[in-house]
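Engineer: Protein sequences, first through last, are from chains F and G. In terms of the working numbering, the first sequence has 35 at position 35, counting the first letter as 1, and numbering is strictly consecutive. In terms of the working numbering, the second sequence has 130 at position 130, counting the first letter as 1, and numbering is strictly consecutive.
Each hint should be verified, as a subset may be incorrect.
Result set (EDC-like, lysine to aspartate or glutamate): computed pairs, CA atoms no more than 16 Å apart in a straight line [claimed, not checked]:
{"id": "1", "chain 1": "F", "residue 1": "Lys12", "chain 2": "G", "residue 2": "Asp212"}
{"id": "2", "chain 1": "F", "residue 1": "Lys2", "chain 2": "G", "residue 2": "Glu197"}
{"id": "3", "chain 1": "F", "residue 1": "Lys12", "chain 2": "F", "residue 2": "Glu36"}
{"id": "4", "chain 1": "F", "residue 1": "Lys92", "chain 2": "F", "residue 2": "Asp65"}
{"id": "5", "chain 1": "G", "residue 1": "Lys154", "chain 2": "G", "residue 2": "Asp189"}
{"id": "6", "chain 1": "F", "residue 1": "Lys92", "chain 2": "F", "residue 2": "Glu57"}
{"id": "7", "chain 1": "F", "residue 1": "Lys12", "chain 2": "F", "residue 2": "Asp22"}
{"id": "8", "chain 1": "F", "residue 1": "Lys2", "chain 2": "G", "residue 2": "Asp53"}
{"id": "9", "chain 1": "F", "residue 1": "Lys23", "chain 2": "F", "residue 2": "Asp35"}
{"id": "10", "chain 1": "F", "residue 1": "Lys2", "chain 2": "G", "residue 2": "Glu51"}
{"id": "11", "chain 1": "G", "residue 1": "Lys154", "chain 2": "G", "residue 2": "Asp184"}
{"id": "12", "chain 1": "F", "residue 1": "Lys12", "chain 2": "G", "residue 2": "Glu204"}
{"id": "13", "chain 1": "F", "residue 1": "Lys12", "chain 2": "G", "residue 2": "Asp201"}
{"id": "14", "chain 1": "F", "residue 1": "Lys92", "chain 2": "F", "residue 2": "Asp167"}
{"id": "15", "chain 1": "F", "residue 1": "Lys98", "chain 2": "F", "residue 2": "Asp167"}
{"id": "16", "chain 1": "F", "residue 1": "Lys23", "chain 2": "G", "residue 2": "Asp207"}
{"id": "17", "chain 1": "F", "residue 1": "Lys12", "chain 2": "G", "residue 2": "Asp207"}
{"id": "18", "chain 1": "F", "residue 1": "Lys92", "chain 2": "F", "residue 2": "Glu60"}
{"id": "19", "chain 1": "F", "residue 1": "Lys23", "chain 2": "F", "residue 2": "Asp9"}
{"id": "20", "chain 1": "F", "residue 1": "Lys98", "chain 2": "F", "residue 2": "Glu57"}
{"id": "21", "chain 1": "G", "residue 1": "Lys163", "chain 2": "G", "residue 2": "Asp141"}
Partner residues aside, some chain F positions facing chain G, computed with beta carbon under 8 Å [unchecked claim]:
{"id": "22", "residue": "Lys2"}
{"id": "23", "residue": "Arg10"}
{"id": "24", "residue": "Ser17"}
Calculated from the structure, these hints are not laboratory results. No experiment lies behind these values; they were computed from the predicted model shown. We put the CB at the ideal spot given by N, CA and C, even for glycine.
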Amino acid sequence: MKVYTGTGDRGKTSLFSGERIDKSNPRVEAYGDVDELNALIGAILNVLPEGRTTEAEQLEQVLIDLFHVGACLATTSDGQNAAAFTDLPAEKTTWLEKAIDRMDADLPRLTRFVLPMGHPAASACHLARCVCRRAERRVVRVCLETEAQGGDQPYHGIRGYLNRLSDYLFVMARYCNHITGTVERTWGG
Amino acid sequence: MPAPSKAATWSCRLRERRRLTAGTFELRLTRPPGFSYQAGQRIALRTEATERDYTLVSAPADENLAVLVRLIPAGRVTPFLDQAPIGSELLFSGPNGYFCLRPDARPVVMVASGTGIAPFAAMVRAGARPFVLLHGVRTADELYYRAELQPAAKHYVPCLSAKALLPGGAFSGYVTAYLQTRLDPQPCDFYLSGRMEMIRDAMEIIDARFPDARVYTEAFF
Ligand SMILES: Cc1cc2nc3c(=O)[nH]c(=O)nc-3n(C[C@H](O)[C@H](O)[C@H](O)COP(=O)(O)OP(=O)(O)OC[C@H]3O[C@@H](n4cnc5c(N)ncnc54)[C@H](O)[C@@H]3O)c2cc1C
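Bound conformation, chain F alone (with noise of 0.2 Å):
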């Protein structure tokens, strides 16, 4: 099958659910953003410290976990599929939870502001982190609009995933110096 299509050649965009939109349409800049996301979480697999099977495998995960999420943000609840990509499971949340405790258990006390710099892979983490960040804020837009429509908000899962992620690439960053004994510089310190 080929790339491209030339269906969008005239700015509009088909959603999942079929619609036709605009590509400046919220649903289109979230999606966007997941995208984004997923490709700078690629990008720390290829930093990654050697032999952390543990967080590359938790990395791919993600990498599908954010798959999923761009297929829901680019279906309406009025347009549903067959494949029924509404939201992720609470529980995706609670492993990000888990691994993030995992990681901070080794992790030296945090007293001031990290300056997000360090390991390839530290400075990675935290570019994802800043889109994780912006990809979150679309996300709440998207569930405020719908709201306003007279919808119920969507995306429970994926707001309490996204939020937990960010925190997830923050540790993760913080982690990749600690093991590579980069040094953690802090504001004002």
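Start from chain F and add chain G with the ligand according to the hints.
Structural biologist: Positioned in the frame of chain F, the structure of chain G with the ligand alone reads:
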């Protein structure tokens, strides 16, 4: 690094090859135990060289699987499918894709070019109706599954591009011309399948004439 997801590989046997026209044939394949799918989904058939997607034309409840294949003489896979001996083993992965009928109260308009009729044949065999179906082909002999599709459709419109004798009820011209001039604007769900150029041109007309439509597409090539 392990692959994020692995599609299941299935083995089947070629049971029958039915010639529909000089250039198209239907392959009937044994159904591997445990293999299930939804009407409109496709499988990726493997050869030693590579793999290609084929939409299942059989209904999900059928005993066998079936695909409709257009022979591309200079192609890499279809000449093999054209010649493989009956009884030979074929490997495939799947089912893949989301080109399935969505539960919806809005009128359904299916638009196919050539072998793009395949997913609609499966949907109709699985019980889909009512629907409007436009099938664009060059000549009437390429109206695959017409005998089955026509009675099931609310409105079945063969669109023939070759300037030849038109069978009764056929439209002379491309499916896009029909969309442009004959179909009344209304909020409906379009399903477009087949040649990419058809999908692109149809989409342009749908964007202009059917602003509230939902559109689902399956581009074959
Ligand atoms: C989602 C999807 C579903 C598909 N379902 C079917 C199906 O149900 N039946 C089917 O016959 N094909 C289907 N195809 C096309 C199929 O996957 C192959 O591309 C096709 O059979 C040609 O394979 P090949 O290796 O012989 O030719 P290749 O060596 O790949 O040469 C391909 C060339 O043949 C032309 N071509 C490809 N497919 C067709 C076609 N169906 N009709 C006319 N020209 C074509 C194209 O111009 C292309 O440049 C599907 C493709 C996709 C992406």
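Engineer: Are there hints from earlier that the structure breaks, and if so, what are their numbers?
Structural biologist: Those not satisfied come down to hint 3.
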